[in-house]
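Student: Which chain is which? The protein sequence lines are C, S, A and Z, in order.
Following the working numbering from start to finish, the first sequence increments by one per residue and tops out at 508.
Following the working numbering from start to finish, the second sequence increments by one per residue and tops out at 508.
Following the working numbering from start to finish, the third sequence increments by one per residue and tops out at 508.
Following the working numbering from start to finish, the fourth sequence increments by one per residue and tops out at 508.
Please keep in mind that the hints were generated in silico from the structure rather than gathered at the bench.
Be aware that one or more of the hints could be misleading.
The list cannot tell twin chains apart, which means a pair is met if one copy fits it or any two copies do.
[To be verified] Pairs of lysine to any residue, SDA-like flavour, derived with a Cα cap of 20 Å:
| # | residue 1 | residue 2 |
| --- | --- | --- |
| 1 | Lys217 | Trp185 |
| 2 | Lys123 | Asn201 |
| 3 | Lys247 | Asp116 |
| 4 | Lys409 | Arg359 |
Number of protein chains: 4
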Amino acid sequence: MPKLSVSATVPTILEEGVEKLDLSDGSSSDEDEGVQPHEKAIAAGQPNPAYCVRNIEQHAFGRREIEIAEQEMPGIMALRARAKDDKPLKDAKIVGCTHINAQTAVLIETLAALGATVRWAACNIYSTQNEVAAALAHAGYAIFAWRGESEEAFWWCIDQCCTPTATWTPNMILDDGGDATHLMLKKHAAAFKHIKGIVEESVTGVHRLYQLSKAGKLCVPAMNVNDSVTKTKFDNLYSCRESIIDALKRSTDLMFGGKQSVVCGYGEVGKGCCQALKALGCVVYVTEIDPICALQAAMDGFRVVKLNEVIRQVDIVITATGNKGVVTREHMERMKNGCVVCNMGHSNTEVDVHALRTPDLLWERVRSQVDHIIWPNGKRIVLLAEGRLANLCCSSLPSFVVSVTAATQALALIELYNAPHHRYKQADVYLLPKKMDEYVASLHLPTFDAHLTELTDEQAKYLGLNKVGPFKPNYYRY
Amino acid sequence: MPKLSVSATVPTILEEGVEKLDLSDGSSSDEDEGVQPHEKAIAAGQPNPAYCVRNIEQHAFGRREIEIAEQEMPGIMALRARAKDDKPLKDAKIVGCTHINAQTAVLIETLAALGATVRWAACNIYSTQNEVAAALAHAGYAIFAWRGESEEAFWWCIDQCCTPTATWTPNMILDDGGDATHLMLKKHAAAFKHIKGIVEESVTGVHRLYQLSKAGKLCVPAMNVNDSVTKTKFDNLYSCRESIIDALKRSTDLMFGGKQSVVCGYGEVGKGCCQALKALGCVVYVTEIDPICALQAAMDGFRVVKLNEVIRQVDIVITATGNKGVVTREHMERMKNGCVVCNMGHSNTEVDVHALRTPDLLWERVRSQVDHIIWPNGKRIVLLAEGRLANLCCSSLPSFVVSVTAATQALALIELYNAPHHRYKQADVYLLPKKMDEYVASLHLPTFDAHLTELTDEQAKYLGLNKVGPFKPNYYRY
Amino acid sequence: MPKLSVSATVPTILEEGVEKLDLSDGSSSDEDEGVQPHEKAIAAGQPNPAYCVRNIEQHAFGRREIEIAEQEMPGIMALRARAKDDKPLKDAKIVGCTHINAQTAVLIETLAALGATVRWAACNIYSTQNEVAAALAHAGYAIFAWRGESEEAFWWCIDQCCTPTATWTPNMILDDGGDATHLMLKKHAAAFKHIKGIVEESVTGVHRLYQLSKAGKLCVPAMNVNDSVTKTKFDNLYSCRESIIDALKRSTDLMFGGKQSVVCGYGEVGKGCCQALKALGCVVYVTEIDPICALQAAMDGFRVVKLNEVIRQVDIVITATGNKGVVTREHMERMKNGCVVCNMGHSNTEVDVHALRTPDLLWERVRSQVDHIIWPNGKRIVLLAEGRLANLCCSSLPSFVVSVTAATQALALIELYNAPHHRYKQADVYLLPKKMDEYVASLHLPTFDAHLTELTDEQAKYLGLNKVGPFKPNYYRY
Amino acid sequence: MPKLSVSATVPTILEEGVEKLDLSDGSSSDEDEGVQPHEKAIAAGQPNPAYCVRNIEQHAFGRREIEIAEQEMPGIMALRARAKDDKPLKDAKIVGCTHINAQTAVLIETLAALGATVRWAACNIYSTQNEVAAALAHAGYAIFAWRGESEEAFWWCIDQCCTPTATWTPNMILDDGGDATHLMLKKHAAAFKHIKGIVEESVTGVHRLYQLSKAGKLCVPAMNVNDSVTKTKFDNLYSCRESIIDALKRSTDLMFGGKQSVVCGYGEVGKGCCQALKALGCVVYVTEIDPICALQAAMDGFRVVKLNEVIRQVDIVITATGNKGVVTREHMERMKNGCVVCNMGHSNTEVDVHALRTPDLLWERVRSQVDHIIWPNGKRIVLLAEGRLANLCCSSLPSFVVSVTAATQALALIELYNAPHHRYKQADVYLLPKKMDEYVASLHLPTFDAHLTELTDEQAKYLGLNKVGPFKPNYYRY
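Just chain C, with the same shape it has in the complex (with noise of 0.2 Å):
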C-alpha cells in the first residue's frame, strides 16, 4: 500500500487529544478506548469481513436514531418515494466514504432503495455514531465505520470498500473529503477504469479534485455537489443563521442582547452570522477583504472595520472566512476580559490557537468545547471548539439542512450514472445541473406547505422557458 496521508485535520485532531472531541452523547464513550474492532476481525480470521462495526448489539438504538432522521429527512425520503419503482441506480455499485450517523444512514438506505448496492466507510475518525453502523450492519449493509479509528484503521475501512472482488466491482464513489477517490486511484488504478462517476461534497475534496483535473490524473468525471445552489444556501446561510446561536448559547450562555460583536468574513456563512446576532440585539461590526461582500455588508446595515478598531470593545469574535491566521495573538492580547472567541468558517486555521499554547497562558477547559484561555493578569478569553468549528458545540446538524445535502447527493450519483457518455467528459468537475438543483429544492416544498405555481403555456412562452424548468440561467446569484 503506498504511503497515504490521513485527510489534513485529522493529525491535529489526534495531537489535541481524544477528551476533547466528545461528539456522543455519552453512551459509547467507554468503548472507544481498547481493541480496534477490524483487528479483532483480523485475529478472528476475517480479514474480509462483511462488515466491521464497533458493536453490532447496539443495532436496535441505532434503528429508532435512523427512524426519527427519516421523519426529519422528507426530501430524501419523498426522492425515495418517487424513485423506487424506476430504480436509477440499479446495478450501481457505491463506495461511499462519509460520515456515519442517522442522517447518512437515511441516505444510504435511500441509495439501496434506488437499486444500488453499497459498501461504506467514515470520513472521519471520531464521527461515527456506533449505533448507527451497527444498525446498519445488522440490516445487511457492508459498513466498515467506528468512533475513534487509528489511523491504520481509517484507512483499512476505506480499502475494504475500494477493493474489487468477485461480487464487487464499485462502479460509482460517494466521497466527502476525497480520500476514497484518493486510494481509488492510488491503490486500485485498474478498478477505478470502471467507475462512471463521483459525487464530492467537501471543499477539502472538491479541491482536491480540480488539482487532479488540472494535473490531467481525473480519468471520470465527477460532480462538485459542495458548490450546488441548494447546498450552499442551506449549509451556509440558513444553517449558520441558527447554529451561531446555538453554539454560542450552548457553551457560554451569554446574553446577545446589546453584546458588540464582530464578524470577519461576509460571505453566506458570515451574512447568516450578522443577520441572527443582529435580530436577536447584538452590534455587529463585519471585516472583509472584498469590496463587493463589503459593500452588502454596509448596505444590510453592519460598519465595516478592519479587525484592530473594534478588538478592544467587542463581546464576540466569530471567524467565517476560510482563511488563515485572521483572529491572531496579538489581536487577543488587545480583546477584554470576556470575550468569547469562535470560528464559524472552514477550518481550524483561522483563529492562530497554536498562539495561544505558551506558558504565559493557563488553559482552563470550563465545559466540553469551551476553554478560558488566562493571562498573567487574570484576564480570560473564552475559546469554542479550541478554534475548530464552532458547529461541533451544537449537537449536530438539523436534520433538514441534512436533508438537503443527502438528496443532492444522490441526484449527484443518479445522473452521473445516467448520463449519456458525451454529456459528461471524463477528466472534468461539474456543478450539478440546475434542473436538479430544482429538484432537491421542490422535494424539500412540502415540509413547508409551500406551493409553487405553475406557469402558464403563455407565460412559459413568453420567458422563453420549459414549463418544468430549468428557470434560470446558470450565472444567477439568487
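Start from chain C and add chains S, A and Z according to the hints.
Tutor: Same frame as chain C, but now just chains S, A and Z:
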C-alpha cells in the same frame, strides 16, 4: 408548628419523580439520594447548627462558580463597590429564601458587604447548587439548603432562618414565593413585628402579599419587585427572546427557518418569543384575549388568530399567557406529527398535560426535558419540560438578567430598611420607586459601554425634571 | 374679551412666513390671500352666522374626501354603526376645537350620528382643509374655520362655538391644545359651569389642564386622551416607525442602506424611528438621558452614545426627545457635508434652528420643507421642516392612526357625558378607563382580520378577570 | 433610412397619453407641447447642429442639478479623480444613448474627463430633463434630446450621434435599450466596423445583443453590464427594498403595520420588497414558479402560496416576476375593496391592465400615478402607475444606485476600449470582469466609511489569491 403546605408547584414535581428534574451538571446527582443532611445534624446533637448543607467539602468548586458569576453580574458588583463604605444595610438582619446558586450567592455576599447579617434557605427543593451552598457556608454564612430537600427538611431550613434567637432578631425578609413570609407570620408572629419590610420576587409571592394586604393581615410594608420596570423587561421580553430559541434548539435541534409557529399570548414574554422566532425565519401566528395586545401583534406583523384556525398546520406551539387550559387535549388531537409544544408562561397549567396521561397515548422520554407523546396512529407530539417552563431546558438564566434582578432586590431592601417611617404604610404592597429602578438600570449600562447624556440646567428646567431623575411619570410604559 | 395669546407655536410660524407652511395639495392656495371670511360675514350684517368657511361651493370635493377617509377609518365607522341606535350622546352639545380635515370630519359626523349637536372651530390657523369645512357646513354643521385665519379670526371662530345662545348651551368640550377650554374659562365663566366634561387631545392641552387642576381652577372633570394606550402606541411607536421613513424619503430621496444615523431619545417615537431605520439598513446610534430607556436601546442592539461622540460621522440626525436645545449650533458645526437634520419630537425647540439664522450661513430652500444651510466653506446641512415636526414633510397622518385617535376621543366624550356624578371629580384630569381603551382597540381589529380569543368561564375565574375585560392592571406597560 | 420601430415600451406609452407620464418637477411641462426642436433647427437651415435641446437658456438650473448629483455620486466622482490623469478613454469617440438627467450628466462629463469625445441622445422620449440637457449643451457637449420627443425626432436624435462625419468616427457605443446599436447596425453598417465595443445597460438591450450574437450578426464584442454583481444587487435588492416603501407611501399614504401583502416573485426585486414590507410590520406572502427561490422564501419566513389562495384577503399585491399576466382580471375581481396593485417588475405586462379597460369599470385618477378602478358595486382597486414600474411614483432613483451603475458603465467602456484584441471575441456578449466589479464596489466604500481588510502575503498564498483580487470564482453567488 401549624400545618403548612409546600408551595403549589412542589407536589406536582414530587409526583413526577426526581429523574425528570435533573437541573444539575451531573456532578452531584449521586448525593441527592440518601439521608437528609439536617437529620444527620439533629442526630449529631446539633438541632441549631450554624449552617446545614450537603457537603461542605465542595466549597472550593462552589467558590469558583461564584467568582465566574461575579464577572457576569456587573450591576450587582458595581452596587457592592459603590455602597460598601456607606454600609446602607448596617445592622440589617435579613431572612433570605430564594433559589441558591452562584448568582444568588453574589447577591448574598453583596448584602453582607453592605452591612447586613443574613440567614438563608432555599425556596425550591430542587434548585440548590450544593457546591455554592457549601462555599457560602464555608465563608461563614448561615446557609440551610441542599438539592433534593424533603418537604419536612424544606420547612426546617426556612425555620432555621426565621426563628429568633439571642443573637438573631430578623428585621428584613427577602422572599421568592412567599414561604418565609408565610412561615414567619404563622409561626413567629411575635418576631414578625420586628420586620421592617419584605421584598418579594415572584408572581406567586406577590399575589399572596396582595391577598394578605387585602385581608388586613399584612403588618409590614412589602415591596413587589416582580413588576419593576427593569426586571419585567429583562426577565420577560429580553430574556425570553433568547431563551425560547435556546430551549427549542437544545431540546429538539429543530431548524427555525420556514417553520410555522403559534404563540399564545402577546404580553412581554409572547412579544419576546414572537420577535425571536420571526427574526430566525419562522412564520408566526398569535392568539390573544386582550384587544390592545392583539392590535399590537397585528401592527408588529403577526396574524392574530384563534388557536383552532392554525392548530393543524403549525410546527411549534408556544404558550405565554399565564392562563390555564390554553392548549387542550382537543388541540393536541389536531396537531400534526412532530409538532413541538412548549410553555414559556408562568406555570405548568397552560398546556393540559394531565389530559395526555391516558392509556391510549404512549409517553417516550427522548432526552432530558423532552417527551414524545405517541398516538395510536404513530403521530408524535414533542412536549418540552412536561409543560412546565421551557426555560428549564436551558442550562440557566443568563447571569446578566439575574444581575438586574439581584440589584433590584438589594435596592428594594435598602429602600425599605432606610425609608422614613411615614413613607411606606404598614399594610401595603409597593412598587419600587422609579428612581431606584433607574438606578438599577444605570448600574448595568457600563457593561454595554453605553454613555448616558446629562440634562443641562436649562433643559431640566424646561422639562420640569430633576437632573438626576426620576425622568418619567409613573404611568410611563417604556 | 380678556387678552388672549394664540397658542405657542403660532407666532413662530407667522414670523417664518406663509410660504413655508404649504400643507395643501395646491388646489386652494390662491384663496388664502385676501379678505378673511368672517369679515365678509360681519360686513354682510351676519355677526352670528350659521357657519363661516372660505368657500361653501367646494363642498362636493370635500364630501368626496370625507367619503374616502370613511373607508380608511374602520374603527370610528364601526363605532358609528354600533352606537347610532343607542344615541349615547343624545342632547350633548359639544364645542369642538381641533384640526379640520377629512378625518376629523368623520369624527364630527360620528358624534352627530350618536346624538350630539356640535359647533366646531380650528385649533390651528393653517391646518384647515377648506373643502372639508365647506362640505361640513353644507351638510348643516356649524363650522367656523378656514386655512390661513388671522389671529383675530382664530379667536372669533372659537368664540362662535363657545358663546351660549338661546339654542346653544354647550355641555361638553373636545379640545386639541386647550384654546377652547381657555377661552370658555376666561370669557364665558358662567357658561363653563354647564360643561360636564372636557376631552383633551394634545400634550400642550393636557399640560395646561394639569396646571389648572393644580391651581384649583378646573371645575369640571377632564380626560387626558393623549396618554391612552392605543393612542400612545399608534401615534408614536407605530406611526413614527413609518413616517420617519416617509418624511426622509420624500424630502431628500436619500438611500437608507448603509447610512449612519443617530436618534436622540429612545421613547416611543425614538423606538419607532430606530426600528425602521435599522430595518432598512441604517447603522443607528441612540442618545438618552434616562438609564432605563438607554438600557432598552442597548438590549435592542443600538450603541448608546453622547451626541458628540458620533456627530462627525453620521449622515442623519433625528431628534425625538421632547426637550429643547438637543441639537445645537456647535453640533451642527461638526456635522459632515450633507448631513440631514430632522425633528420627530413634539416641538420646534429640539434643534436650535435660531442659532442657524446668522449672517455667515446661507439658507437655500431646495424644495418644500427642505432647506440647505450652507457654511462658508461650502458644507451643506439639510434641515427638514425648519426643525418643526418632520411629519409635515409627509402628506398626512395615516387615516388608520387618526381613526384610533378619533374613536378614543368619541369614547372619552361618551364616558364623561354618561358617567354617574361621583365617578369623576370636578377638578381632576383622568386617563381613559382601560375598558374604553380596550374597546377602541377592538373596534380596529377587524381591519386586520384579527380574531380575538375568548376566555372560558373557567379561565376567567382562574385569572380573576371579567370575560369582557378589562384584562390588565392599570400599571401594565404593554 | 430603413424602417425602424421605436423600442417596445414606447407605443404603449403613446397610446396612454402624455398626461399620465408626468415625470418632471413641473417646471417645464408647458414647453413639451408645440414644435419639436429639431424641426426648428432644420427650418433654420441647421440639419447637423452642434446640439439640439429644448431651451439652452435653462442651462444654469441644469448645472445646479448636476452639481448636486455630483455630491451624491461618490463612486463615479472618485473614478473621475483617480483616472483623469491617465485618460484611459483618450481618443475614444462614444455614441451614447441613455436617459438624460443630472445623474447621467455626471457620467457623460466623467467620460469626457477621462479623454473621450461623446455624442449623446435619449433612450426614452419622455425621460429627458431639459435643463440638464441644456447645461450639457451649454458646456459644449453634443446633446440631442428633449422631453416629449416625437418618434421621428427620437430617431433623428440618435442618428445625429451615429452618423460619421469628417470629425466624428464613433468607436464605442454606450447603449440603454439597444436603439443606438440597432440604428448603427442597420443604417451605418460601414461605420459600425470601427466600433471597438458596445456597453449595454438594459435587460431588453442585452436580450437583443444575445440574439444578434446567436444570429451571427454581432461583429463587435459587447458587454452586458446589466448582470454585473454590483448593479444587480444595487438596482434590485437594495434599491427596491427602499423604493417599494417609498412608492406605496407617496401614492397611497397607507400604513404598513398589520397589512397583508403578497409579493409575486422572489428574485432580487421580490426579496427586497419582502424584506422591507416585513420589516415595517406587514404580513407577507410570496408566489414563485422556481422551487429554489420558493425554498428561499420559506426559509426567510414567508408563506409560499398560489395567488388565488390569498387574493381575497390581501391589502397589497406586488408583482416582481418579469413575467406577463401574473395578476389577471380574474384575480382583481376577487380582491377586496381598497386593495393596492403595484408592479415592481420590469415591464407593464405583469398586471393585465388591459383587462381593466372595460365599460363596466370606472377609472378615477386620484392623484399622479394613482388610479382607482371602481367596480359596479363600489369596490375600488388602487392601481399604481397604470401597472408600469411603481418606481415612477418615487421622484427618482437614489443617486447612489445610479452612481454604481454609472461607474460600472464607465469601467466597461474603459475595459473594452483598452483590452488587447484577443481578450474579447468579436461576436460575443461578456459580463464585466469580476475585478472591474470589485473596483466599482471599492469606489463606493468610502461613502460608508467602510474599511477594507488587506490580505497578508501569507494569507493570499494560502487562499491562492492575488492580494488585489479578484477574490471570488465566477460562479460565486454573493
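Student: Which of the numbered hints are not met once you compare them with the structure shown?
Tutor: 3
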